[in-house]
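> Chain residues, written in single-letter form:
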Amino acid sequence: MLSKFILSGITAFLFLSGATSDPITLPVPAGWPAPQYDNPRNPLTESGIALGRRLFYEPLLSRDSTVSCSNCHLSFTAFTHVDHALSHGINDRIGTRNSPALMNLAWSRSFMWDGAVNHLDMQALAPISSPVEMDFNIQGVTERLKASEDYRSMFEKAFGSGEITGERILKALAQFELTLVSANSRYDRIKAGKDTFTAQEKNGYELFQKHCNSCHTEPLFTNYQFENNGLKPDTILNDRGRAGISGNPADDLKFKVPTLRNIEISHPYMHDGRFKRLKEVLNHYTDGIEDSPTLSPLLKDKIQLGSREKTDLTAFLLTLTDRDFLFNPDFRPPAPK
Amino acid sequence: MPRNERVLILPTMNYLFSLLFCMTACLLPAQGARIHAHASCRGRIVVTGDTLPLGIVLQTARFYLSDFIFYRQGQEVLRENNSYHLVDLEFPESGEWAIHTSGFDEISFLLGTDSLTNVSGAYGGDLDPVKGMYWTWNSGYINVKLEGFSPQSRGRNGEFALHLGGYMPPFQTDYRVQSGVTSSGHIHIELDVCPMFEQTDWNSHFNVMSPSAEAARLTELLGRSIRVYAE
Chain A
0 MLSKFILSGI
10 TAFLFLSGAT
20 SDPITLPVPA
30 GWPAPQYDNP
40 RNPLTESGIA
50 LGRRLFYEPL
60 LSRDSTVSCS
70 NCHLSFTAFT
80 HVDHALSHGI
90 NDRIGTRNSP
100 ALMNLAWSRS
110 FMWDGAVNHL
120 DMQALAPISS
130 PVEMDFNIQG
140 VTERLKASED
150 YRSMFEKAFG
160 SGEITGERIL
170 KALAQFELTL
180 VSANSRYDRI
190 KAGKDTFTAQ
200 EKNGYELFQK
210 HCNSCHTEPL
220 FTNYQFENNG
230 LKPDTILNDR
240 GRAGISGNPA
250 DDLKFKVPTL
260 RNIEISHPYM
270 HDGRFKRLKE
280 VLNHYTDGIE
290 DSPTLSPLLK
300 DKIQLGSREK
310 TDLTAFLLTL
320 TDRDFLFNPD
330 FRPPAPK
Chain B
0 MPRNERVLIL
10 PTMNYLFSLL
20 FCMTACLLPA
30 QGARIHAHAS
40 CRGRIVVTGD
50 TLPLGIVLQT
60 ARFYLSDFIF
70 YRQGQEVLRE
80 NNSYHLVDLE
90 FPESGEWAIH
100 TSGFDEISFL
110 LGTDSLTNVS
120 GAYGGDLDPV
130 KGMYWTWNSG
140 YINVKLEGFS
150 PQSRGRNGEF
160 ALHLGGYMPP
170 FQTDYRVQSG
180 VTSSGHIHIE
190 LDVCPMFEQT
200 DWNSHFNVMS
210 PSAEAARLTE
220 LLGRSIRVYA
230 E
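First to last, the sequence lines map onto chains A and B.
Under numbering that gives the first Met the number 0, think of the first position of the first sequence as 0, with each following residue one higher.
Under numbering that gives the first Met the number 0, think of the first position of the second sequence as 0, with each following residue one higher.
These are computed hints drawn from the structure, not numbers from a lab.
Keep in mind that this is a model prediction, so the values were computed, not measured.
Keep in mind that a hint or two might mislead.
What the hints assert, rightly or not - Per the computed footprint, the stretches of chain B lying under chain A, defined by three or more beta-carbons under 8 Å from a beta-carbon of chain A, are:
| # | stretch |
| --- | --- |
| 1 | 112–125 |
| 2 | 133–145 |
Stated by the list, open to error - Below, computed lysine-lysine pairings styled on DSS-like, alpha-carbon distance capped at 27 Å:
| # | chain 1 | residue 1 | chain 2 | residue 2 |
| --- | --- | --- | --- | --- |
| 3 | A | K156 | A | K231 |
| 4 | A | K201 | A | K309 |
| 5 | A | K145 | B | K130 |
| 6 | A | K156 | B | K130 |
| 7 | A | K299 | A | K309 |
| 8 | A | K209 | A | K301 |
Glycine included, C-beta positions come from ideal geometry on N, C-alpha and C.
Using the sequences provided together with the hints, build the complete structure.
Okay, here's the thing in structure tokens:
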């Protein structure tokens with residue numbers, strides 16, 4: 000099942016955007032839904048992706064040229080800020096949230112823990128402008144890149160002219176991020192009939208389907224909804240999640256359900272990085288659920304899991320680790336020019 | 000050549016007349032009309048830096064006009080392509096553009112940007128985020144940005160910043176203007192900012208920075224104060 004990112008009008012859009020290299024279609028893994036990313040004005044091209052990758056690793060995007068996207072999103076840890084509960088940016092200022100792992104972004108309907116950003120193209124504006132992240136602005140980034148001959152030629156390759164605009168910077172970053180597809184874990188190979196679960200993993204998988212799958216839904220391991228999974232609110236950060244964006248009290252303490260792919264690697268866990276280990280996460284689901292008016296009905300009844308069962312469930316979660324993704328050379332910093 | 004009264008410091012009346020003649024004759028596309036969008040207060044044109052009758056000093060005043068549709072006798076005759084115009088009172092020429100039809104008797108457009116534009120990713124031109132009209136912590140365009148000082152504002156040194164936007168219900172802030180107009184060639188779109196400033200809550204809403212009921216209320220006040228007329 001190889002459907003396409005760019006469903007129609009490729010030639011028309013190429014004509015309009017003046018892109019010089021051939022459009023690329025990322026394959027949709029078997030059994031996956033159609034991607035959500037829907038900007039026909041941004042067809043993927045090899046040179047667009049290469050430019051996006053360069054920008055992702057570019058410290059010039061921060062005010063004092065010290066922080067790039069990769070500071071908080073490292074390729075070999077599924078693009079999360081591993082071991083940092085709350086990500087830190089420029090001058091080591093600490094943010095209020097844990098950096099999420101970046102993968103399968105083409106399937107996301109919204110971005111950030113509270114869904115504040117509605118389109119992948121626009122996401123990069125947030126870290127570039129945030130005083131605790133890169134503390135800069137897209138106007139300044141544009142001016143800096145214009146001064147570089149190297150960038151002018153990369154923009155020309157990617158977009159047909161050397162003009163450097165905010166639109167193009169955002170589109171190129173999105174192109175690179177769209178290529179971060181993780182779909183080759185052991186779980187995937189088992190589903191494709193190329194491998195088999197151990198008895199322990201199989202038992203864990205059954206427990207997962209019973210207790211977790213309605214939110215962390217296969218095959219992407221998220222239903223992309225906002226849910227309250229019973230975390231006790233942190234009184235200092237006092238993060239109300241989705242309600243801060245929607246203004247709707249019914250969204251209080253709801254956060255976007257994160258994918259569990261590569262979960263072994265992307266610790267610490269939860270929007271504020273409060274748990275270091277999967278064991279703590281499972282203990283939360285069995286014994287730590289805090290009742291509140293917006294708690295998901297799925298978690299109102301206590302989840303019963305013995306320690307054997309927790310071990311089995313963990314064994315299943317580890318089958319979601321995708322080494323091809325983590326060690327993909329195309330995702331690492333580009334060779335210096 | 001922008002039509003800006005302030006640059007007409009002219010030596011002779013002759014020159015003035017030929018210039019005026021040129022503005023009607025030279026700038027009009029064949030078979031077309033010209034839009035002149037600007038802001039006013041109580042009938043007086045305002046630009047950035049002006050002190051308004053209410054004592055308000057305007058430092059920044061920018062707003063989007065978009066989705067222009069022209070009608071004749073109820074039938075659509077033209078829908079403008081790529082119809083996004085960021086009018087910035089610091090650059091009066093930003094409110095001036097040509098349209099390639101003249102046979103219309105009604106015009107319709109948005110103050111602001113429509114919700115589809117707000118959810119469709121990166122755009123260039125007047126919609127490029129480098130224009131500073133896109134929120135960064137939350138998605139969506141700032142449809143109207145008004146900043147400056149007001150003697151009534153409780154903000155620091157009387158500062159105020161009204162960033163009006165929002166594309167999701169219940170706080171949608173685009174406002175559709177529909178108006179009959181004789182197509183004489185020069186169509187003026189005049190946004191009177193003062194009715195809104197007269198009803199601004201200077202005690203608690205001198206800073207509006209997110210989609211909210213207040214943003215929607217102020218945008219509606221602005222939208223209702225738009226007058227469309229032919230020269």
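> It remains to establish, for every hint, whether it holds in the given structure.
Quick rundown of the hints versus the structure:
Counting residues of the stretch 112–125 of chain B whose CB lies closer than 8 Å to any CB of chain A gives 7, so the stated coverage by that chain holds, three being the minimum. Requiring three or more residues with a Cβ within less than 8 Å of a Cβ of chain A, the coverage given for the stretch 133–145 of chain B holds, as 6 such residues are present. Restraint check: the Cα-Cα separation between K156/A and K231/A comes to about 50 Å, which exceeds 27 Å; the hinted pair is violated. For the suggested pair K201/A and K309/A, the alpha carbons sit about 13 Å apart, so the restraint of at most 27 Å is met.
Restraint check: the Cα-Cα separation between K145/A and K130/B comes to about 16 Å, which is no more than 27 Å; the hinted pair holds. For the hint linking K156/A to K130/B, the alpha-carbon distance of about 25 Å falls within 27 Å, and the restraint holds. Restraint check: the Cα-Cα separation between K299/A and K309/A comes to about 19 Å, which is no more than 27 Å; the hinted pair holds. A distance of roughly 13 Å separates the Cα atoms of K209/A and K301/A; the hinted pair therefore holds under the 27 Å criterion.
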